[in-house]
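Sequence lines, in order, name chains C and P. With my numbering, the residue at position 266 of the first sequence is 266, and numbering never jumps. With my numbering, the residue at position 15 of the second sequence is 15, and numbering never jumps.
FYI, nobody ran anything at the bench for these hints, they're computed from the structure. Virtual Cβ for every residue (Gly too), placed ideally from N, Cα, C. There could be a bad hint or two in this list.
[Unchecked claim] Below, in silico cross-link-like pairs of lysine to aspartate or glutamate (EDC-like), each with a Cα-Cα straight-line distance of 20 Å or less:
1. P:Lys125 x P:Asp232
2. P:Lys230 x C:Glu126
3. C:Lys180 x C:Asp164
4. P:Lys71 x C:Glu126
[Unchecked claim] These stretches of chain P come out as covered by chain C in the derived footprint (C-beta under 8 Å, 3 or more residues):
5. 145-159
6. 167-179
7. 273-285
8. 304-311
[What the hints assert, rightly or not] To give an idea of the chain C side of the interface with chain P (calculated C-beta under 10 Å), a few residues:
9. Gly136
10. Met137
11. Asp173
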Amino acid sequence: MKSRTAWFRLSSLVLGFAFLYIPILSLVVYSFNKSKLVTVWGGFSTQGYGKLFENTQILDAAGLSLRIAAINATGATILGTFAGIALARFGQFRGRTLLSGMTTAPLVMPDVITGLSLLLMFVAMEQALGWPAGRGMTTITIAHITLTLSYVTVIVQSRLASMDIALEEAAMDLGARPVKVFLLVTLPIIAPALASGWLLAFTISLDDMVIASFVSGPGSSTLPMVIYSKVRLGVSPDINALATIMVGLVTVGVLLTGYLMFRRDRLRQRDRQLSESLG
Amino acid sequence: MKLEQQVRASRVAGFSAAVQFILQVFHYIVPYHWVASRLARWGVKGQRLVVALPYLWLLLFFFIPFLIVLKISFSLTQLSMPPYQPLVQWTGEQLNQLRLNINPGNFQYLWQDSLYLDAFLNSIKVAGIATLITLLIGYPMAYAIARSSVQWRGVLMMMVILPFWTSFLLRVYAWIGILKNNGLLNNFLLWLGVIDEPMVMLQTNFAVYLGIVYSYLPFMIMPLYATLEKMDLTLLEAAKDLGCRPLRAFLTITVPLSMPGIVAGCMLVFIPAVGEFVIPSLLGPSDSLMIGKVLWTEFFNNRDWPVASAVAIALLLVLVVPMVCFQRAQARTAEAGEA
């Protein structure tokens, strides 16, 4: 009986992960394909990469997307941290329900609605205030901050909820002012949550096609917009090369954080053993 | 090893000293007390500022935009930029010459033209079936991860999350290469001899289901894993001691206890899937009726902003109930985390 459930669990994991990873691996393998047909193997070659680095349209769009993603991630992390602190620490203040609603709704809101509503807002603002004049990088960044700050809020809020509040109270009892408590006690503890929030905001911004299409103007096409317009015409080797580079970067990043976390845990375990043997 | 610890301790002390120093400098430069007392006199506290910044941002760029969509959904279309008529118009000097251009026609149009109703019903059907399939694939995976050893759990969850960090658009693109007529899957099946000629799989509803299940699977597994991992396993042992069979214990203990995760996961898949645009437009048939695609076409191709707004409002009304469910499940899991 026991072995049957174990077998079931193992096979569901193997099949599930095969389903998740085979498409990604196929992108990587076929990026080295010589044949122009992309999905018919014609020998090893790196010409897809050559074509990618000659394509100035893709490179320009990638530059724009990276700039937007970096500004967006920083802004969203600041605002999201504030919102997370407000929701986790300030108890029941007036308007809390609306704030928590406004920070969870963008997590599930269909992109087409968010994009349309923000575009109409920008058009109305331009008519009334004259700002933002036209649409482009600024409007895309604002739209992305609005979308991603909810992700940061959720991460920071849950980290604050699971953190030992006695540490903050102790610092407060010893006479530290709230700003100092935050900078010296809370911030170092929630720093990993802020880092993962920043990275998540960065990736989501780099990945968004729908909202960016609504709020962008002429001459400001982001990378996903360029990819989408190319992909609609069919498969092409340079997109496979681009995908491989992105998958490679993400894998290296994830493995690195995984290794750092593993090392930190091991150090902590060793510290604990040491203090136990000493005490 | 001692040295390593000392180095780390000194690093922490160094960081804290640096922050102290910066605070000290600020203390001399910025007239904190003066500013604080002034602000306090006006009724502004630091705490309020922390709430106010994200609050104002979300009001301005999330809440008010919806009111504008609502407003424009009642406007008349007009050939200009922006292509709609204002709701309130002054036709003369006096206030009584105010004209209201409220036009519920956009919503009547949605109701009468069967295209929109069909698109709504089809989107809900596709999203619902895809959510169910995602749950059926995701639950065993989340269960298996939550019941594996502690060292493996972190690795396996990282493997679930990794695809989610790579571009969504490129992962959908990968399926084009697999499902094409001369794609990977057809070549494989031909080589196996299961089929004699390529099957048409791309640009079918099957491809849309596959795309949604594939793209949203990590969103299903994450909340399920969170609830299953926290579960008290002694309950299952107690049930076994009392003679309960494993399947019955699973259905009467594990499933009800993981209900918040099931609800959160299903909502995280269902709600975005209803309004999905990229998957049906890349993998689906060109005439597929998905409401996200209809909205996109109304806006970008027909340039009919009022009808696009009316579609958005109707979509929002359809999604309000599942969104409230999600909010509740989210709040329940947050409370469970605090307890």
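Which numbered hints are broken by the structure, listed smallest first? The structure breaks hints 1, 2, 9, 10 and 11; every other hint is satisfied.
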